[in-house]
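> Each chain, written out:
Number of protein chains: 2
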Amino acid sequence: MKTRFLQVLTLGAGLFAAAGASADEGMWTFNHLPKAALKQQYGFEPTDAWLTHVRRSSVKVGGCSGSFVSDNGLVLTNHHCAEECIARLSTPAQDYTKRGFYAKVSAEERVCPGQQINQLGEVTDVTARIQKATSGLEGEAFHQAFRAESARIEKACATSESINCEVVSLYHGGLYELYQYRRFRDVRIVFAPEVDIAFFGGDPDNFNFPRYDLDLTFLRVYEDGKPVSTPDHLSFARTELKPNDLTFVSGNPASTERLLTVAQLEYQRDHALLEHLLSLARYRGFLSEYGERDAEAKRFARSELFGVENAFKALRGRQEALLDPAFFNHLVANETRLRARVAADPKLKPQYAAAWSAIEKAQAREAELHKELTWVEGSGSRPAWAKTSLFTWARLLVRASEERPKKNEDRLEEYADARLPSLEQRLLAPKPLNQAFEIAKLAFGLVALREELGADHPFVKQVLGKASPEELASALVKGSKLQSEAERKRLWEGGKPAILASKDRMIQLALSLDGEGRAIRTRYENEVESVLTKNSELVARARFAVYGMSSYPDATGTSRLSFGTVRGWRENGRLLPAFTTIGGAFERATGRAPFALPKSWLEHQSQLDPAMPFNFVTDNDIIGGNSGSPVINREGEFVGLVFDGNIHSLGGAFGFDIAHNRTVAVDARAIAHTLDKVYGASRLTTELGTAK
Amino acid sequence: MKTRFLQVLTLGAGLFAAAGASADEGMWTFNHLPKAALKQQYGFEPTDAWLTHVRRSSVKVGGCSGSFVSDNGLVLTNHHCAEECIARLSTPAQDYTKRGFYAKVSAEERVCPGQQINQLGEVTDVTARIQKATSGLEGEAFHQAFRAESARIEKACATSESINCEVVSLYHGGLYELYQYRRFRDVRIVFAPEVDIAFFGGDPDNFNFPRYDLDLTFLRVYEDGKPVSTPDHLSFARTELKPNDLTFVSGNPASTERLLTVAQLEYQRDHALLEHLLSLARYRGFLSEYGERDAEAKRFARSELFGVENAFKALRGRQEALLDPAFFNHLVANETRLRARVAADPKLKPQYAAAWSAIEKAQAREAELHKELTWVEGSGSRPAWAKTSLFTWARLLVRASEERPKKNEDRLEEYADARLPSLEQRLLAPKPLNQAFEIAKLAFGLVALREELGADHPFVKQVLGKASPEELASALVKGSKLQSEAERKRLWEGGKPAILASKDRMIQLALSLDGEGRAIRTRYENEVESVLTKNSELVARARFAVYGMSSYPDATGTSRLSFGTVRGWRENGRLLPAFTTIGGAFERATGRAPFALPKSWLEHQSQLDPAMPFNFVTDNDIIGGNSGSPVINREGEFVGLVFDGNIHSLGGAFGFDIAHNRTVAVDARAIAHTLDKVYGASRLTTELGTAK
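The listed protein sequences correspond, in order, to chains G and V.
Using numbering that gives the first Met the number 0, the first residue of the first sequence is number 0, and each one after it goes up by one.
Using numbering that gives the first Met the number 0, the first residue of the second sequence is number 0, and each one after it goes up by one.
Isolated chain G, as found in the complex (with noise of 0.2 Å):
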């Protein structure tokens, strides 16, 4: 799974999970593992030392995770998750995509432009502060309200640069806990191996399995010019690894939705999870046909594809176990029950009773402003249309020069003063653009544009005009000169004088719909969010009341911990087996994209052992958000790197189904072999202490 691309869907806040989930099912905090189930269904229990280990062994990559594997700031993540990294060290003359890329002594290690790596430091309970900020306060007095105290929270624990602090909401707003990171940001690429085993079997096989991928990337975190020294690291298992082992996987799973009311469920099922989709298709459509242009357009729309790829069969994964009748009864069932045994009850009725009606009725409005909100303001850094970079940037510098002379409290929360170094470094590191690229990208969004909102709808006016969309995309991407860092830095130092002075067609495109954005955006927030974070919360702590607190929340991406074992599943009647092997790889291969081995391996397949496990498949309950993930055994040692889930934990959004959800994961023992057969990385085989 890719989860940089799940994140739109994220409701933004935690529910607590069902009670009487079933066995394996979860995930955890570190400080609320049940650890009584455990021990009575593994006989194991993890020692707080075991368990701080682990915690502070793994990393966010971005929207992925990692584990740091020496005690030299090496961390093991997915090759996906280092993609761009990747990608923009490549030049069409040296293209570490499809070769790889190995830094045999330490100087060649290269710097990955805008990555950061994050790593949970200290974890302190704000429960009691935000609570109190907002008591008593609804619709857009407690966004504000919420707003504003995360941000003062978050701007004192934020000291240095180097540090980096989010009040995360669990339980919804059951709990709320002030998370301190450590940040790296200076952040080099080690190795990569060449993108036709990273991604064997391509967007075919994704979300597949058996499955036949080395999809990891080496990176080290610096500073000072320096490796950092990490001596909380997960070494490479000494043990094999075998079916109905237990299995622990820790990571920042991105999002769950798994205690939704129904009129939530039906509102992703019908509004926003069929529009997504059905936009992913056509966009899908025109960057697989944009790659055959030639080599250049092929090597910039592919990264875009794939990312459009994984997301649709991700999502349409979800829209699946929606449109599953079996599936949506239980969960209609669920409330059902629960909305019953709080009407009988005479304390719980009057404070919860009013909850799902209330969620019904924001869901009904968020289906009439969805379309607006998607096209004119957009639910992450651009509107819909907007497919460039070029914007993305525009919108930040324009509404930066606006933000950051207010108040932190008084900002969009985007840019508070926490948020505002990862937001520069964004920014301003070096991205690559291809012109023609970002022209076709604009022009096909702004014909979506006049459809979806229709050619006399007044935003539609405000952005065309006159103009084509060929013309008008054309004329904004050549006469802008936001691809250049220096410039960017330049507005962004100099504010709104440097804005408004600005003859940049994009600064201006920008500048001149800021109001739009930010009118529909408000909308939003006081008519649907703050109604929906209300309620929701209301919803959670009914449950609460009626089942007490047993389970975890839902993944807000941030550091969890599922277990669970090594076990294949059964589909169409037939088991199958928990592990594929190196051999299988070779059988599989047909020599053609995206079933060819890249050379090296066939060149070397004579010293490879047949019999290896390759990837491998455990009922862990993961989501995007877990690429990279270490997978662990009660040694706390390293046995596997997560890389996606089957087609079935695609409905784990909403649900987890232990007979099917599985986990994908490349063995660690393949990775070691293959590190010595196949690539000679002798610099690293014995850092990792598997060298032979």
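Just so you know, the hints here were simulated from the structure itself, not pulled from any lab data.
All values derive from a computational prediction rather than experimental measurement.
Treat the hints with care, as some may be off.
Note that the list lumps identical chains together, so a pair holds whenever it fits in one copy or between two copies.
[Said to hold, decoys possible] Taking lysine-lysine pairs in the DSS-like style, the calculated list, with each CA pair at most 27 Å apart, reads:
| hint | residue 1 | residue 2 |
| --- | --- | --- |
| 1 | Lys495 | Lys405 |
| 2 | Lys598 | Lys460 |
| 3 | Lys465 | Lys533 |
| 4 | Lys488 | Lys430 |
| 5 | Lys465 | Lys312 |
| 6 | Lys131 | Lys533 |
| 7 | Lys241 | Lys533 |
| 8 | Lys465 | Lys598 |
| 9 | Lys154 | Lys131 |
| 10 | Lys370 | Lys312 |
| 11 | Lys241 | Lys465 |
The hints should help you fit chain V onto chain G, whose structure is shown.
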């Protein structure tokens, strides 16, 4: 609306319409028009002579409609209905799509390759024969008996190549009629305007209003090299059309599904429409970008893109109607009421009560089979991956060689004797292909096939082997000579020996896949189609037993008449007027496609009357297939040319909403005015009798 693309979702047989239909609702057969209601509501009762005249003046133009508008075989239909003809006659040097076409003298009228026009003649009730032949039969036996008896009846009826016969099922088996058509196979083009005005506003304005389109083409039918005499034709109106005037629309609505059961509607909403939309969206992105390769690519991709955009919008409209809780709940309530009446009646219950659950089971089976049916066999002339006419021809040739030697009644229905002449004409008509486009489309389709069924599916392995989609597509297209009419003719005439001896790659592929296609089709016919046919008939009869026969049958692509009035509608609280004017087109023009007026219009603007009515809307009940239908006043005169429905008309597949559902037409006065002032088409205005 461009109905050729809407027919894929047809279930093949009509159902009784709901009792209690609103005024103006209904696509009536000419022989069961509710004259009493018409008289009561509008004080107008058409005579039998009026009805016969209108029916005989109306024609079927491929999947569209049209009418005779002179006594010399002149046919008026939509530009988008003749688009394929116009494109086929075009060359890079002489692009009639772009520049328009006008035969200044008779000799310049050019044959439209493969185009047929059918005029409905005699209609005979054959209910007794069909019911006798299928009496007591179910499943495959029913299907086969129905097919065999229909084939016999049609064969006996089709006494010459200029007669085309079809057994039509109305009221879902309540009535079977034999329709005898006079078939015109020499169709020539007389006049077509530039696509810029025929489709002004393009995809953004499609299914929208206000509208400014001259979506028309004049054709002429010939026999023995001479124009056919057509005493039954519509004269251009001599009176002015006004708001609230009574209007009739005569045409061939392709398919409505207004009496589907809830299980069938859910299947449409959650499976058929959804999967089709996702697949269209992706193909659309591909086609739009393919057209950017170069001018030649744009020319070839344009027509296909147009069809895909249109189908997407149309199906999305249907889906939105089904996702509207009010609309859907209304249909659920209708069914609940009917089932309760049946359950409460001791005579009806044993006959009909089980039909709904039988349908529900068949729909569940269809949901399981649907994907394989779509990708292995397809519901039309080819499976979903085979996006090239080369494969369509190959499969047709392979199957014809297998089917033609069989007894007529044992054949697959599309190879029955009565259908062979059209089949042969379509097969042998010249159709220029662009090799690069065929390869790109086929490669796109093969990638989608591998994804949809999975790389390990036996059919995918059989098709692809170890080749990549791009390699295989290229080898197949380059290894086929089927683009030559002569080669197709040779294989058609050579039959099985010629097919078996052929080294043509596309023929060999079609041959090797034929068994798989037939197998899944047989399963679908036996386990789904025949169960649905049988039980839908039971539901229809139950409805008839409860409510009586006071309504119209679902559309089935056969001749229908609807009545209504000229009127606008309320949208977001604002009343949209019924007429637009020629002046409005100039105001809306931006000079950029799709809002660029053609040069001819800009040059003649001063001679045009800006107040002249251009397009208008009525509340006639129409659907895809009515494209090209005449709008007729009570005098039986031509007052307009139907070319679209508004956005609300798209839910018309499942129900009629008189408050919003509108027919969109070109005003007859705008046709006469622009033929005169813009095109100086005096030969035409003289023939139409509109010359001043």
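> Decide, hint by hint, whether the structure agrees.
Evaluation of the provided hints:
1. Lys495 - Lys405: Within one copy only: 12 Å inside, 82 Å across.
2. Lys598 - Lys460: between (53 Å within a copy, 24 Å between copies)
3. Lys465 - Lys533: So Lys465 and Lys533 fail the 27 Å test inside a copy (44 Å) and across (56 Å) alike.
4. Lys488 - Lys430: Cα proximity of Lys488 and Lys430: one copy only (13 Å, versus 57 Å across).
5. Lys465 - Lys312: Between. Shortest inter-copy distance 24 Å satisfies the 27 Å Cα cut-off; intra-copy 37 Å does not.
6. Lys131 - Lys533: within (15 Å within a copy, 67 Å between copies)
7. Lys241 - Lys533: Classified as neither; 46 Å inside a copy, 55 Å across copies.
8. Lys465 - Lys598: Between copies only: 18 Å across chains, 53 Å inside a chain, cut-off 27 Å.
9. Lys154 - Lys131: The answer is within: 18 Å in one copy meets 27 Å, while 85 Å across copies does not.
10. Lys370 - Lys312: both (22 Å within a copy, 16 Å between copies)
11. Lys241 - Lys465: Cα proximity of Lys241 and Lys465: none, with 66 Å in one copy and 33 Å across.
Figure legend: structure checked against the earlier numbered hints; hints not met, in rising order: 3, 7, 11.
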